[in-house]
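Protein chains: 2
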Amino acid sequence: MIKRIGRHTIEFTEMPRVIGAAAVVGKKESEGPLSQWFDKTFIDTTMGGETWEKAEAMFQKEAVTVAVEKAGVKCENIDYIFAGDLLNQCISSSYGLRDFGIPFLGQYGACSTMAQTIACASVFVESGAGDICTAVTSSHFCSAERQFRFPLQYGGQRTPTAQWTVTGSGSMVIAAFENGALKNPELIDNDSNIKDQIAVKHICTGKIIDMGITDANNMGAAMAGAAADTIYRFFTDTNTSPDCYDMIVTGDLGKVGTDILYELLEKENINIKDKHKDCGLMIFDLDTQDVHAGGSGCGCSASVLCSYLYKNMLARKLNNILFVATGALMSPTIVQQGESIPGIAHLVNFVNTK
Amino acid sequence: MIKRIGRHTIEFTEMPRVIGAAAVVGKKESEGPLSQWFDKTFIDTTMGGETWEKAEAMFQKEAVTVAVEKAGVKCENIDYIFAGDLLNQCISSSYGLRDFGIPFLGQYGACSTMAQTIACASVFVESGAGDICTAVTSSHFCSAERQFRFPLQYGGQRTPTAQWTVTGSGSMVIAAFENGALKNPELIDNDSNIKDQIAVKHICTGKIIDMGITDANNMGAAMAGAAADTIYRFFTDTNTSPDCYDMIVTGDLGKVGTDILYELLEKENINIKDKHKDCGLMIFDLDTQDVHAGGSGCGCSASVLCSYLYKNMLARKLNNILFVATGALMSPTIVQQGESIPGIAHLVNFVNTK
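Chains as they are written, first to last, in the working numbering: chain A, 1 to 354; chain B, 1 to 354.
Bound-form chain A, shown alone (with noise of 0.2 Å):
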């Protein structure tokens, strides 16, 4: 059942569940302190394809194919695919998903998009829209490069505040349960090892916070504002504070959004700095990788949640997670025209069942 906690967060009741998660990802990040975490890493991050556009799209494709067999499950059992990322008409969902013959909804939420397929594919899960949902996103250092700020063989300095885009995809199949067992267990191959697994306890969409900055280049400073927007929205609804969590996980703010991400909460007398950490920090080593400001894109909290996270809930060495995907709603169009970069953050909370 979905309840609703306060003005904005959804309770699942009886909690939809994670059975099966994956993360592929390329050379740099198969580099990077999370190495030993990825199911797949690919060191030719064209994966032998024409185009790194047509890379992603792979990308997208490979990390959804071992999250549903992880699950045991066939894709014909799979009812709805959410699914998205950062190229012009999403096209690495697209192009990465059309031979899977799954009932696509395509998400934008830019950086923040995993955190909204997962938020929705719960809402569908949980009130018997689907059984069986699947959420993915992706995201490619090369073609970000080229989409957004300047073709890699352009040469372009990068500025101190920039972020490295992550090329990599994580995937998530989610299930309905029914008084703490499968809804339906004929749909997957092999239950037995699924019987307490990791939830989905409580969603939290994003508002669109304009924080007024128009530096491309400082993705971390206008998401900043948006996170600990939902993030105090959340812990308003639920009555709850940082002690209460093992971990508080955002998207992408880099080193220099977390520190504005501190200083507005800290407005508000919440402190999360023992319990925060930024996938964009986890997934390169700053000292050592040249990422500047850490790593981004949809495929950085993607990949991050998919396998380091989502394995250290597995080993019960983390029980209980706010997922705050961040995403700045900007193109270079519109930025070029004189606009601000509004950014959004949804919040998912996981919690280990077992």
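Treat each hint with caution, since some may be false.
[To be verified] Lysine-lysine pairs mimicking BS3-like chemistry, simulated, CA-CA at most 27 Å apart: (1) B:74 with A:3; (2) A:201 with B:3; (3) B:28 with B:40; (4) B:3 with A:183; (5) A:3 with B:201; (6) B:3 with A:3; (7) B:183 with A:201; (8) B:183 with A:3.
For the record, the hints were derived by calculation from the structure and aren't laboratory data.
Quick caveat, the model's predicted, so the values are computed rather than measured.
Following the hints, put chain B in place on chain A, whose structure we already have.
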């Protein structure tokens, strides 16, 4: 309650209701056959703004403002807004809606987005995730031409299969009902006139269907297969036929796509000709308005739905319609890379509850 019918169709037993709708369009649309049905028409299609992109955002803002006013709802009582458009990174939605302060879930289904936003809003409303949700999409001839084909200044010649992107936006406000009455009448300023209303009875989500079309000026052909697939699946799931409906309206197949749709459905022994209309053929006069194969764009199906179709349903001239918005999930980049154009079509079944 959400009930599943067949493999992919959802039936809403309480049926979310459209408590307000609005369509706002530009000059060319105001000169077409549906002229009298729109809520607002703007002769200056820059909306007094500096750029076409900013103008399109204003169209979306205007449509939501009028729909919300008609519904008699305060923005702070709207739980979610589902929105999308055709521009890179869906900026018409994020910039057009940033001032409303409503939790925002960006949707991307190309020109099929209006049906998708209504479908998702209906699932959220029927499941209890929200009491009142808003759905909105837009398109703009000038911003679309610049982005997908050529800047207008170039003066490129259009092929006979090309369609004319509609400048306009449509928005619907959708509210939860229970036992035939508004679930939360206290959220509406004046609920006296909304006891009986247009309801969403079924939705059927599209799959990505690729017909192998590679010509970005032949969108109708690229989308026809997806429309046929969704309509066929819906009739199978519900065990109904075209006779059961007053009208079957596709989004923007235009002249070329419509003929292909008929042909594809005839192979399945389904004849929709007597019941079928296409928003792209309704909004313009093909003989006098020089739009080649018809209108297109997110704003095409949205503005026809929220004006002519909605008002004819309110007047009980249409009581049971299938709205099948169609989209081509491509970007110029990937088409230039030699890829074909996959299509998608989402279906919403509206009924008059009077």
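Okay, the hints, checked on the actual structure:
Between the alpha carbons of residue 74 (chain B) and residue 3 (chain A) the distance comes to roughly 22 Å, so the proposed pair stays at or under 27 Å and holds. For the given pair, residue 201 (chain A) sits about 23 Å from residue 3 (chain B) by alpha-carbon distance, which is consistent with the 27 Å threshold. Distance restraint check for residue 28 (chain B) and residue 40 (chain B): the Cα-Cα separation of roughly 13 Å lies within the 27 Å cut-off, and the hinted pair is therefore satisfied. Between the alpha carbons of residue 3 (chain B) and residue 183 (chain A) the distance comes to roughly 15 Å, so the proposed pair stays at or under 27 Å and holds.
Proximity of residue 3 (chain A) to residue 201 (chain B) is assessed by CA-CA distance (about 23 Å); at most 27 Å being required, the pair is judged to hold. Restraint check for residue 3 (chain B) and residue 3 (chain A): satisfied, since their Cα atoms lie roughly 19 Å apart, inside the 27 Å limit. Restraint check for residue 183 (chain B) and residue 201 (chain A): the C-alpha separation of about 25 Å stays at or below 27 Å, so the hint holds. Between residue 183 (chain B) and residue 3 (chain A) the alpha-carbon distance is near 15 Å, which keeps this suggested pair within the 27 Å criterion.
The earlier numbered hints are all upheld by this structure, with none contradicted.
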